[in-house]
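What follows is each chain in one-letter form.
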Amino acid sequence: SQTIHQWPATLVQPVGSPLSLECTVEGTSNPNLYWYRQAAGRGLQLLFYSVGIGQISSEVPQNLSASRPQDRQFILSSKKLLLSDSGFYLCAWTGPRNSPLHFGNGTRLTVT
Amino acid sequence: AQSVTQPDIHITVSEGASLELRCNYSYGATPYLFWYVQSPGQGLQLLLKYFSGDTLVQGIKGFEAEFKRSQSSFNLRKPSVHWSDAAEYFCAVNMNRDDKIIFGKGTRLHILP
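Respectively, the protein sequence lines represent chains A and B.
Here my numbering is used: the first residue of the first sequence is 1, the next is one more, and so on.
Here my numbering is used: the first residue of the second sequence is 1, the next is one more, and so on.
Partial list, computed: chain B residues near chain A (C-beta under 8 angstroms):
| no. | residue |
| --- | --- |
| 1 | Ile9 |
| 2 | Phe34 |
| 3 | Leu46 |
| 4 | Phe90 |
| 5 | Asp99 |
| 6 | Lys105 |
| 7 | Gly106 |
Hint data in this document are derived by calculation from the structure and do not stem from the laboratory.
The C-beta atom is built at its ideal place from N, Cα and C for all residues, glycine as well.
Start from the sequences, fold in the hints, and give me the full structure.
Spelled out as structure tokens, the structure:
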């Protein structure tokens with residue numbers, strides 16, 4: 001069966017520090033991969049998505065970036081965190097186009 | 001620009017009453033449509049989905065949704081709500097030309113005893 005792993009679960013980082021959140025999917029090949037940020041009253045904001053290795057679509061111009069170095073690995077990064085980067089980050093994957101999203105457990109990021 | 005709108009941020013209904021949550025999308029073609037539910041402290045659970053065919057789709061927990069192409073809508077309904085339905089509901093749209101999936105801002109459902 002397919003599983004998605006996202007870590008860490010919680011993270012407290014100072015302003016200006018780098019960030020790396022990792023997400024991996026097991027039990028499937030060539031998934032579509034997504035990074036969302038969830039904030040109260042704002043729903044799930046799509047940050048990045050990828051339909052293949054090295055293919056990244058960015059939805060929100062900000063100081064975050066994403067990479068997909070392997071088929072089932074999706075990384076969210078920042079060189080210098082801002083206070084406004086605090087939030088709950090969710091990784092998700094889908095299979096064929098008509099399949100629903102499968103979410104990881106999320107990372108609660110607090111930038112201090 | 002592509003968008004998903006859930007116009008109601010909060011909805012309060014009495015237990016046993018009927019429910020309708022609204023969702024409208026902006027997209028040049030017919031997308032794939034989904035409703036998810038998130039209970040407090042929990043992850044998102046798929047309620048139902050629409051791709052093609054019958055425009056009235058049935059989901060889990062007694063929910064149904066109707067796709068109306070002319071109104072670009074995909075409203076979620078339940079004939080009689082239960083206290084356990086109190087949660088946040090999200091409409092999502094797969095812009096199927098490029099697999100971009102965006103969500104509405106959610107509707108928080110409150111149930112009165």
